[in-house]
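**Q** Okay, here's what each chain looks like letter by letter:
Protein chains: 2
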Amino acid sequence: MSAYIEVDYQFPAGVDAQRQAQAIAIGQTAGSWDARFQHREEQLRGHLAEVRAVHDLPEGRHLATIRFPAENVDGRMGSLLTMIFGKYSLAGPAKVMSIRLPEGYGQSCRFGLAGIREKLNVAERPLIMAIFKPALGLSAGDHAEILAEVAMAGLDIIKDDEILPDLPSAATLARWEACAPIIEARRDRTGRDLLYAMNLSGDARQVHELARQLVARGANALLLNVLAYGFPMLEALAADPEVNVPIFAHPALAGAWCAAPDHGFAYAAILGTAMSCAGADAVLYPAHYGSLPFPEADEQAIVAALRARGVAPVPSAGVHPGMLDAILEDYGPELILNAGTGIMDHPMGPSSGVLAFHEGLERWQEGASLKLSDLPAGPLRAAVEKWGAA
Amino acid sequence: MSAYIEVDYQFPAGVDAQRQAQAIAIGQTAGSWDARFQHREEQLRGHLAEVRAVHDLPEGRHLATIRFPAENVDGRMGSLLTMIFGKYSLAGPAKVMSIRLPEGYGQSCRFGLAGIREKLNVAERPLIMAIFKPALGLSAGDHAEILAEVAMAGLDIIKDDEILPDLPSAATLARWEACAPIIEARRDRTGRDLLYAMNLSGDARQVHELARQLVARGANALLLNVLAYGFPMLEALAADPEVNVPIFAHPALAGAWCAAPDHGFAYAAILGTAMSCAGADAVLYPAHYGSLPFPEADEQAIVAALRARGVAPVPSAGVHPGMLDAILEDYGPELILNAGTGIMDHPMGPSSGVLAFHEGLERWQEGASLKLSDLPAGPLRAAVEKWGAA
Chain A
-9 MSAYIEVDYQ
1 FPAGVDAQRQ
11 AQAIAIGQTA
21 GSWDARFQHR
31 EEQLRGHLAE
41 VRAVHDLPEG
51 RHLATIRFPA
61 ENVDGRMGSL
71 LTMIFGKYSL
81 AGPAKVMSIR
91 LPEGYGQSCR
101 FGLAGIREKL
111 NVAERPLIMA
121 IFKPALGLSA
131 GDHAEILAEV
141 AMAGLDIIKD
151 DEILPDLPSA
161 ATLARWEACA
171 PIIEARRDRT
181 GRDLLYAMNL
191 SGDARQVHEL
201 ARQLVARGAN
211 ALLLNVLAYG
221 FPMLEALAAD
231 PEVNVPIFAH
241 PALAGAWCAA
251 PDHGFAYAAI
261 LGTAMSCAGA
271 DAVLYPAHYG
281 SLPFPEADEQ
291 AIVAALRARG
301 VAPVPSAGVH
311 PGMLDAILED
321 YGPELILNAG
331 TGIMDHPMGP
341 SSGVLAFHEG
351 LERWQEGASL
361 KLSDLPAGPL
371 RAAVEKWGAA
Chain B
-9 MSAYIEVDYQ
1 FPAGVDAQRQ
11 AQAIAIGQTA
21 GSWDARFQHR
31 EEQLRGHLAE
41 VRAVHDLPEG
51 RHLATIRFPA
61 ENVDGRMGSL
71 LTMIFGKYSL
81 AGPAKVMSIR
91 LPEGYGQSCR
101 FGLAGIREKL
111 NVAERPLIMA
121 IFKPALGLSA
131 GDHAEILAEV
141 AMAGLDIIKD
151 DEILPDLPSA
161 ATLARWEACA
171 PIIEARRDRT
181 GRDLLYAMNL
191 SGDARQVHEL
201 ARQLVARGAN
211 ALLLNVLAYG
221 FPMLEALAAD
231 PEVNVPIFAH
241 PALAGAWCAA
251 PDHGFAYAAI
261 LGTAMSCAGA
271 DAVLYPAHYG
281 SLPFPEADEQ
291 AIVAALRARG
301 VAPVPSAGVH
311 PGMLDAILED
321 YGPELILNAG
331 TGIMDHPMGP
341 SSGVLAFHEG
351 LERWQEGASL
361 KLSDLPAGPL
371 RAAVEKWGAA
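If you read the protein sequences in the order shown, they are chains A and B. Number 380 marks the last residue of the first sequence (the working numbering); no jumps. Number 380 marks the last residue of the second sequence (the working numbering); no jumps.
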């Protein structure tokens, strides 16, 4: 039985959606052919896509559903994105709203949220993740100092800022060598591991080499700016048995791919479907409660797409303890909560930033109120006094 | 002396451009820091970007110029794109209009137009490039048959369609093995080489392996969908001494990155600046005379950016011999003219498609008219009768 890839394209008012859908179905597959290729008629026809439906949307927009034969692509994201929107992206306004792939398509995550929980030995509650700040200008030793503070307060995961590449002034391997003893000490003292998602950079070969070197030296998680480095980079790392650690996917550049109303892709198609079918174990995205203007519907669709493949949703950007009630009410505890300033800029210091999250999660598990007026003095109250509640 | 990276951001009406420019200059670099980091004050300050100017544009838009220290990035595209627009792309409408890099930044092309001319032993006139059509459904033998037709008519370069990946039903290596003898025979008979830019696919490691295998077996050019596979993939191929052949960069997905009025990037920033600083030898883009609705100003800016680094401009999409006059008048002969249907669908067959281009180029070199009424019977006249003049 043949497998298919179904894609929904949205066209703005004024575009002949039926005609454009036909242009995609033919132009992005076998194209047209003449009598010279009659001996290949059957093969050629087998590669054509088919317009399944064209629906009216509000404001004169249309949604066209096109079904492509899965055999047109190699099962990976590079050829898939090129087929569904490569040349056509240049043909006029259109936005890819949804990509439905055959079950198990692509590269499945090796760990996902369940595997990350297992590594950390934390069931049930959301995991707590911090970001090294400031992003640039710290030495490896500075990183180790910061890590020591938050590690002993019970942090689960920390990551580099996505803009920190492997620089002569801040070598990635040196940062790991400085931080590894802190993680080891925490494990020795508490029996609990701490993941450090280290940012990858360089050209594609350097990225892969850096990942292997880091893992060979004991690094236990990686961070990749997937849209700047390419889905094929994520796929290669996720497929490599030598890079056997969770990969955190960062959404840098996602706005360039997804924020325009009538061009590019819907956020969930990229940060949800494509990320989860290219091997990401955890995917960061802007929480709509946070500091970036992100639509709630997009957030919901991303979370659904990630969870369908076991990938950890990581709400990010302006996350602080005052949001716990709202996030947990909307999405439940199967999350990694990623707070940058929401931990590092806690008025009592970064370790209190971690403690504030733990306090909030414990109150939530006990069914206790998270309202400011009900909070006792301490890290959580100080956080909510500073940042408010969502 | 410090080197800088200058970026122009365009903001739509209603956005406080001064404030957003400040947010980029700080938020996309060191961020803010508190007293705990006083011992790093100097290093942190050295990473901050600076707002150089904010200008008014028509329709209430603004253009802000921001200068980043070049030491914030590792000299490659992945970290550069992440720094200048990674998280900020999610912060609201803004478009990156121009990226000015230090001289020699990044990965320079190994061949460029001059090197490709040398390989083909063709000086002065524009090079002629064709595309295998139909894109999918042909056997390796079919490809060899098509190639034989156009090779003997004097074609310079041929490429795969960008949607053709390495498929079980159409293995890339098998295609090369079938086509290599045709290229050899042409070289033996005419002394002139023919480049075949083969499309790369797979995950990042597979792409690189495929490139090496192809080159090891004698393949003489490669095609990469850079925006689907990532600039770091292009950089890695261009830096690898084992992949010592010209790399043709395809603009698939460029509309998703660049077509929106107030989001993403200007076409020239991506298809011009970024491609030429990531190692492409030749870059395809939609010719504004052609079948895609491409703005002439963007085409001009792309050509200028490519030529500044010796990279070959490759006007594409609906190019046919009737356009020669206009293209050569606007851009001169330092081009690779890429025609798909404009060669393969010539009424007298693909070889006449190639002959029509040669005929047109010869007339142009002699200063003869390219008007239909002045053309003698033959391939060029048949082409202009079918497709008209630009």
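It is possible that some hints are incorrect.
The list cannot tell twin chains apart, which means a pair is met if one copy fits it or any two copies do.
[To be verified] Result set (SDA-like, lysine to any residue): computed pairs, CA atoms no more than 20 Å apart in a straight line:
| id | residue 1 | residue 2 |
| --- | --- | --- |
| 1 | 109 | 371 |
| 2 | 376 | 25 |
| 3 | 361 | 285 |
| 4 | 376 | 175 |
| 5 | 376 | 22 |
| 6 | 361 | 53 |
| 7 | 376 | 24 |
| 8 | 109 | 338 |
| 9 | 109 | 182 |
| 10 | 376 | 337 |
| 11 | 376 | 251 |
| 12 | 376 | 26 |
| 13 | 361 | 234 |
| 14 | 376 | 202 |
| 15 | 376 | -7 |
| 16 | 361 | 324 |
| 17 | 109 | 46 |
| 18 | 361 | 323 |
The hints are simulated quantities; they were obtained by calculation from the structure and are not laboratory data.
**Q** Decide, hint by hint, whether the structure agrees.
**A** Verification of the hints:
With identical chains, the CA atoms of residue 109 and residue 371 are never at most 20 Å apart, being 31 Å at best within one copy and 71 Å at best between copies. In this assembly of identical chains, residue 376 and residue 25 lie within 20 Å of each other by CA distance solely across copies; the values are 18 Å between and 73 Å within a copy. In this homomeric assembly, residue 361 and residue 285 never come within 20 Å of each other (Cα to Cα): the closest approach is 25 Å inside a single copy and 55 Å across copies. In this homomeric assembly, residue 376 and residue 175 never come within 20 Å of each other (Cα to Cα): the closest approach is 32 Å inside a single copy and 76 Å across copies.
Taking the shortest alpha-carbon separations for residue 376 and residue 22, only the inter-copy value of 17 Å comes in at or below 20 Å, while the best intra-copy value is 63 Å. For the homomeric pair residue 361 and residue 53, neither the shortest alpha-carbon distance inside one copy (43 Å) nor that between copies (43 Å) is at most 20 Å. Taking the closest pair of Cα atoms, residue 376 and residue 24 come within 20 Å of each other only across two copies (16 Å); inside a single copy the shortest separation is 70 Å, beyond that limit. Within a single copy, residue 109 and residue 338 get their C-alpha atoms no closer than 29 Å, and across copies no closer than 66 Å, so neither meets the 20 Å cut-off.
Taking identical chains as interchangeable, the C-alpha atoms of residue 109 and residue 182 lie at most 20 Å apart only when both belong to the same chain, with a minimum of 9 Å there against 60 Å between chains. Taking the shortest Cα distances, residue 376 and residue 337 sit within 20 Å of each other inside one copy (8 Å), while across copies they are farther apart (74 Å). Taking identical chains as interchangeable, the C-alpha atoms of residue 376 and residue 251 are never at most 20 Å apart, the minima being 35 Å within one chain and 38 Å between chains. In this assembly of identical chains, the alpha carbons of residue 376 and residue 26 lie at most 20 Å apart only when taken from different copies (19 Å versus 73 Å within one copy).
For the identical chains of this complex, residue 361 and residue 234 are neighbours neither inside a copy (42 Å) nor across copies (64 Å), given an alpha-carbon limit of 20 Å. When the C-alpha separation of residue 376 and residue 202 is checked against a cutoff of 20 Å, the pair qualifies neither within a copy, at 41 Å, nor between copies, at 56 Å. Within a single copy, residue 376 and residue -7 get their C-alpha atoms no closer than 53 Å, and across copies no closer than 39 Å, so neither meets the 20 Å cut-off. In this assembly of identical chains, the alpha carbons of residue 361 and residue 324 never lie at most 20 Å apart, being 22 Å within a copy and 69 Å across copies at closest.
Taking the shortest alpha-carbon separations for residue 109 and residue 46, neither the intra-copy value of 48 Å nor the inter-copy value of 53 Å comes in at or below 20 Å. For the identical chains of this complex, residue 361 and residue 323 are intra-copy neighbours only, at 19 Å inside a copy versus 72 Å across copies, given an alpha-carbon limit of 20 Å.
In summary, the structure is inconsistent with hints 1, 3, 4, 6, 8, 11, 13, 14, 15, 16, 17 from the numbered list given earlier, while agreeing with the others.
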